[in-house]
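Visitor: Heads up: the sequence lines are chains A and B, in that order. Per our numbering, numbering of the first sequence is gapless, rising by one per residue and ending at 117. Per our numbering, numbering of the second sequence is gapless, rising by one per residue and ending at 1318.
Quick caveat, the hints were computed from the structure, so don't treat them as lab data. Be careful, since some hints might not be right.
What the hints assert, rightly or not - Only pairs whose alpha carbons sit at most 25 Å apart, straight line, appear in this in silico DSS-like list of lysine-lysine: (1) A:Lys112 with B:Lys1180; (2) A:Lys76 with B:Lys1111; (3) A:Lys38 with A:Lys116; (4) A:Lys35 with A:Lys76; (5) A:Lys38 with A:Lys112; (6) A:Lys35 with A:Lys112; (7) B:Lys1111 with B:Lys1073; (8) A:Lys38 with A:Lys76; (9) A:Lys76 with B:Lys1180.
To be verified - Negatives, chain B to chain A, calculated, CB over 12 Å: (10) Pro1058; (11) Lys1091; (12) Ala1092; (13) Pro1094; (14) Asp1117; (15) Gly1157; (16) Trp1194; (17) Gln1232; (18) Leu1237.
A virtual CB, placed ideally from N, CA and C, is assigned to each residue, including glycine.
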Amino acid sequence: MSVVSRIGRIAFLATLVAPAALVPLLAAAAAAPAKVEKVAIDNFAFAPQVIVVAPSTTVTWTNADEDPHTVVATDKSFHSAAMDTEESYSFTFTHPGEYAYFCSLHPHMTGKVIVKG
Amino acid sequence: MGHDHDDAPEGLNRRDLLSRCAGWAGTAAVYTVAGGIISSVGLDAASAAGKRSTRTKPFTFVQISDTHIGFDKAANPNVHATAAQAVERIKAMPVKPDLILHTGDITHLSKDDQFDDAKQILAGLDVPIFYVPGEHDFLDEGQGRAFLSHYGRGTQGLGWYSFDHDGVHFVALNNVAALKPGGMAHLGDDQIAWLKKDLAGLPSSAPIVVFAHIPLWTVYEAWGWGTDDADQALALLRRFGSVTVLNGHIHQVLHKVEGNVSFHSARSTAYPQPAPGAAPSPGPLKVPTEQLPSMLGIRTANFVRGNSPIALIDASFA
Chain A
1 MSVVSRIGRI
11 AFLATLVAPA
21 ALVPLLAAAA
31 AAPAKVEKVA
41 IDNFAFAPQV
51 IVVAPSTTVT
61 WTNADEDPHT
71 VVATDKSFHS
81 AAMDTEESYS
91 FTFTHPGEYA
101 YFCSLHPHMT
111 GKVIVKG
Chain B
1001 MGHDHDDAPE
1011 GLNRRDLLSR
1021 CAGWAGTAAV
1031 YTVAGGIISS
1041 VGLDAASAAG
1051 KRSTRTKPFT
1061 FVQISDTHIG
1071 FDKAANPNVH
1081 ATAAQAVERI
1091 KAMPVKPDLI
1101 LHTGDITHLS
1111 KDDQFDDAKQ
1121 ILAGLDVPIF
1131 YVPGEHDFLD
1141 EGQGRAFLSH
1151 YGRGTQGLGW
1161 YSFDHDGVHF
1171 VALNNVAALK
1181 PGGMAHLGDD
1191 QIAWLKKDLA
1201 GLPSSAPIVV
1211 FAHIPLWTVY
1221 EAWGWGTDDA
1231 DQALALLRRF
1241 GSVTVLNGHI
1251 HQVLHKVEGN
1261 VSFHSARSTA
1271 YPQPAPGAAP
1281 SPGPLKVPTE
1291 QLPSMLGIRT
1301 ANFVRGNSPI
1311 ALIDASFA
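Isolated chain B, as found in the complex:
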């Protein structure tokens, strides 16, 4: 994993990636470069090619996830340091990202001092950060009151919202509130009704980025790695030519493509978790210290123009 740095030849790699990517368009394949420079690309806009307006312009954004500030167990006794490492990686990027998405589990135990520490570490970035909560951010007695007091301003319901950036419509969903016994993650009728209204006015050519903590596709039901009412949300998204769904929660890179919708799970900055079903439980995975950096990381997303897929680059800290 020593080659997937986000270092200097990045621009070249991206161009290379995009030209290769065009060759794959429409195959619904996950694209992997041997040597680990690029883990994957979501090929999500093939059928919309050529139909888009030209109002979009290139930009880069970053996804970070599962910083788990407050975690101090053997799997990573210093999650502050690894979150700070993510900050350094982002600051060293050749192209400054326009924005950052944090896909939840900012904290380990929803404590105010943990939210404060996270803010302090990420404050070094000088880039707008957009958050969704993970279940670890919603476990206070107020069932999310702590998270919403820190990040809830201007959001709807229990923290969902949307915004537009250079022609891309970003949708932030909360699928960690009011979970039901025996079930998986849950969006709830209120949020789905809001999503329907939010998307109603958009042309089908609008590129959509959805971000939520727990996967919106069923990765592994026995561990609750899915969202039980995601189908209702996906039904509303299906008419769009390009939908990129980003999540955290499972602390590993995984991808799935379904028509124009591509799903991408990101690494944590704190600790890895086992592959689905590869351990008795999904708890923190202890690996040899020297191996840990290869299992933590950040994701860069390059949005080039309206009719190209969003190119994702998963870079580990190794």
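So here's chain A without its partners, still in its complex pose:
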């Protein structure tokens, strides 16, 4: 099992096992943007292609295709390993800004994370 997959699983388990502990966080989340966001990789496209998040949000990409894909920042500030089917990659965005990224295997696949304070 690869590292990227494990990260995906841990994030998934965390949402399953701690509903009680999350109640105060959920109340806060109603007022502030969520701190966890998901982007699907499906049919050779990132969905949503553009995502707006608050600082400190962790974005998780999961590959639903039978072809491997990557997530690579255009400015190289972050990059995943190749994700095979159902594998995931997570990155936490701390600073406001626009982060363009693409799949380095299929560079016509592009996306953007906009971090707004």
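For chain A, the structure is supplied; the task is to place chain B on it using the hints.
Guide: For chain B alone, coordinates are given in the frame of chain A:
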């Protein structure tokens, strides 16, 4: 597709093909025989006819592509078996090929055990195999280090090289490294500079075979099926009387002729992909099991003499 075997009457078919081919010379047409014996011929040497030296002699070579060792999804759960089928087809050829070109995606995920499995399957051939990487062979964290550790010895840059065989100049290009966002496949300035030097000393009468993974002509930009700086390479190739460009990547037979340059995409031995734009994405195409062999295959190339086109025969496993 039941008739396009590479079986016994092959020699006859080839002669037949060549005589028909002469009738078509100069028309820049893709040649198709009804019944599927021969899918196409690149008519790439018409204008050079009669100008060549006679130093070349006939030989046969084979192109295999996109073996995707390690792929195990529904489109073909047993890519080892279909790669082995390619080996059996080549061993059964009436004329032993002088060499084999593998146009990339040897593996599915660039893993060492997948490269090792591919070598083991193809080791049964006892014919020199020349490789170029596909993007699936270049997706390790080292961005190609795994491929280059297996196949990079004696190559330039990120795995490009050339060699001569019986008067034909073969050029192996890597267009899957350092791809740019929003773009297609890419050769890069270093490789194009090398190509310029490599071709500089050759007479324009030299037959050229270029092989790379992703098409060097734009098949379908929305799926990235093209090479964004291919024009620079093609400009260097245009002075030659006969240029045959072979690629894989799109897992289907497609051809295009542009003057003296002909482009040919080959079938995969692993799984088919949709025709350009015929599906929401270019992912593996699932077909009924009995239909799969007709969509996988190998390509035989017959180089007859300096002033004849290289005759390509795409044979499916059906």
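Visitor: Next, verify each hint and record whether it holds.
Guide: Results of checking the hints against the structure:
no. : hint                     : verdict
1   : A:Lys112 with B:Lys1180  : holds (15 Å)
2   : A:Lys76 with B:Lys1111   : holds (23 Å)
3   : A:Lys38 with A:Lys116    : holds (17 Å)
4   : A:Lys35 with A:Lys76     : holds (23 Å)
5   : A:Lys38 with A:Lys112    : holds (13 Å)
6   : A:Lys35 with A:Lys112    : holds (17 Å)
7   : B:Lys1111 with B:Lys1073 : holds (17 Å)
8   : A:Lys38 with A:Lys76     : holds (21 Å)
9   : A:Lys76 with B:Lys1180   : holds (11 Å)
10  : Pro1058                  : holds (39 Å)
11  : Lys1091                  : holds (31 Å)
12  : Ala1092                  : holds (31 Å)
13  : Pro1094                  : holds (37 Å)
14  : Asp1117                  : holds (16 Å)
15  : Gly1157                  : holds (18 Å)
16  : Trp1194                  : holds (22 Å)
17  : Gln1232                  : holds (18 Å)
18  : Leu1237                  : holds (24 Å)
The earlier numbered hints are all upheld by this structure, with none contradicted.
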